[in-house]
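Asker: Sequence:
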Amino acid sequence: MDTWRDNQDNLGRRITERGTIVRSSLTELDAVLMVARQGRFRAAALELGVSTTALSNAVGKLERTLGVRLFNRTTRSVSLTEAGQQFVAQVAPAVRDIHEAMEVARSQTATPSGTLRINAFPTAAREIFSSLVLPFLRAHPQVHVDIVTEGRLVDVVAGGFDLGVRSADLVPADMIALPLGDVRRNVVVATPSYLNARGTPMVPQDLAEHSCLRVRLPNGAIHRWPFEKDGKSVHIDVQGTITLDEASLARTAVLASLGLALAMESDVRDDIEAGRLVRVLEDWTPTLSPLSLYYPSRRNPTAAFKAFIDFARRQSGASGTLRPPRRMPS
Numbered sequence: 003m004d005t006w007r008d009n010q011d012n013l014g015r016r017i018t019e020r021g022t023i024v025r026s027s028l029t030e031l032d033a034v035l036m037v038a039r040q041g042r043f044r045a046a047a048l049e050l051g052v053s054t055t056a057l058s059n060a061v062g063k064l065e066r067t068l069g070v071r072l073f074n075r076t077t078r079s080v081s082l083t084e085a086g087q088q089f090v091a092q093v094a095p096a097v098r099d100i101h102e103a104m105e106v107a108r109s110q111t112a113t114p115s116g117t118l119r120i121n122a123f124p125t126a127a128r129e130i131f132s133s134l135v136l137p138f139l140r141a142h143p144q145v146h147v148d149i150v151t152e153g154r155l156v157d158v159v160a161g162g163f164d165l166g167v168r169s170a171d172l173v174p175a176d177m178i179a180l181p182l183g184d185v186r187r188n189v190v191v192a193t194p195s196y197l198n199a200r201g202t203p204m205v206p207q208d209l210a211e212h213s214c215l216r217v218r219l220p221n222g223a224i225h226r227w228p229f230e231k232d233g234k235s236v237h238i239d240v241q242g243t244i245t246l247d248e249a250s251l252a253r254t255a256v257l258a259s260l261g262l263a264l265a266m267e268s269d270v271r272d273d274i275e276a277g278r279l280v281r282v283l284e285d286w287t288p289t290l291s292p293l294s295l296y297y298p299s300r301r302n303p304t305a306a307f308k309a310f311i312d313f314a315r316r317q318s319g320a321s322g323t324l325r326p327p328r329r330m331p332s
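In the numbering used here, the protein residues as written are 3 to 332.
Just so you know, these hints were derived from the structure itself, not from any lab. Here a beta-carbon is modelled for each residue, glycine too, at the ideal position from N, C-alpha and C. Some hints here could point you the wrong way.
[Stated by the list, open to error] The calculated label-pair distances, taken between Cβ atoms and stated as ranges, are:
| no. | residue 1 | residue 2 | range |
| --- | --- | --- | --- |
| 1 | GLY222 | ARG75 | 49 to 59 angstroms |
| 2 | LEU155 | ALA258 | 31 to 41 angstroms |
| 3 | ARG154 | ASP232 | 54 to 64 angstroms |
| 4 | SER299 | ARG154 | 16 to 26 angstroms |
| 5 | ALA258 | LEU28 | 44 to 54 angstroms |
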């Protein structure tokens, strides 16, 4: 028997304990893992860039091949069966290793290529987009960057991300962290016309007499505006005519003189410098932790990954300031 040819013919097959040969393509495995991660076929299809029908067919094909149902499906939800939970738990690490091996193989070329997936807070993504991501893509046009913004903390490894961007104080202890830039600050702003009509608040308690743009957090709670001065902290539950969960909408509303807004300084810096917005309560707005780019230790980083880390280090002037992961308590 031609052993080499026999091995090639059996590539991508798994022989079960019962002796049944199970054929499964990487595409079908990726489909199952993405549906398990997203909890919805439509969201998983959008993430993979395929139609919902194609995704459903891929999952169904694997289920028929395995002879077991991996998902419970209703018109409203999708959940893993017990068999599906066990299958995903066993297969996910292997698929991740396969993708990593493929990326390593591609990285042997001198030109970085492939996809980098980054998870970040929306404000963090806006801060690094123009200063880091766009310059990197201009320098490395064959790399594709996929940015996912979420207000909640995400396990970047379980989520299939290469990198995360968060405030330095929120980076998990087992991650390698690269500081990005300086400290950040919240600012309270309004238009000159609003302040002329309603007056300027001098202390946080004055906000009770003003219309403020309220912000809803990812967990559904309304954000209480934080202030600090001379070691004294206070959080104000502001009131106003509108509640938002998107910073770009808040900027539009404050520019329309709808009220005062609490914003990241980087989001409204141009408006302040142009005189469209005025800062108030400056001595009450504390500094925030700087951003950090973070990632797990990797045995075989791809060329694209290494290029991005090197580029971020040069851009931030943070050479030699990488924070190694802290040993987790046993």
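Asker: For each hint, tell me whether it holds in the structure or not.
Answerer: Against the structure, the hints:
1. GLY222 with ARG75: 49 to 59 angstroms: violated, 27 angstroms
2. LEU155 with ALA258: 31 to 41 angstroms: Distance hint for LEU155, ALA258 holds at roughly 33 angstroms.
3. ARG154 with ASP232: 54 to 64 angstroms: For ARG154 and ASP232 the Cβ distance comes to about 33 angstroms; the hint is violated.
4. SER299 with ARG154: 16 to 26 angstroms: holds, 24 angstroms
5. ALA258 with LEU28: 44 to 54 angstroms: Holds, since ALA258 and LEU28 (Cβ atoms, about 50 angstroms apart) stay within the stated range.
The structure shown violates the earlier hints numbered 1 and 3.
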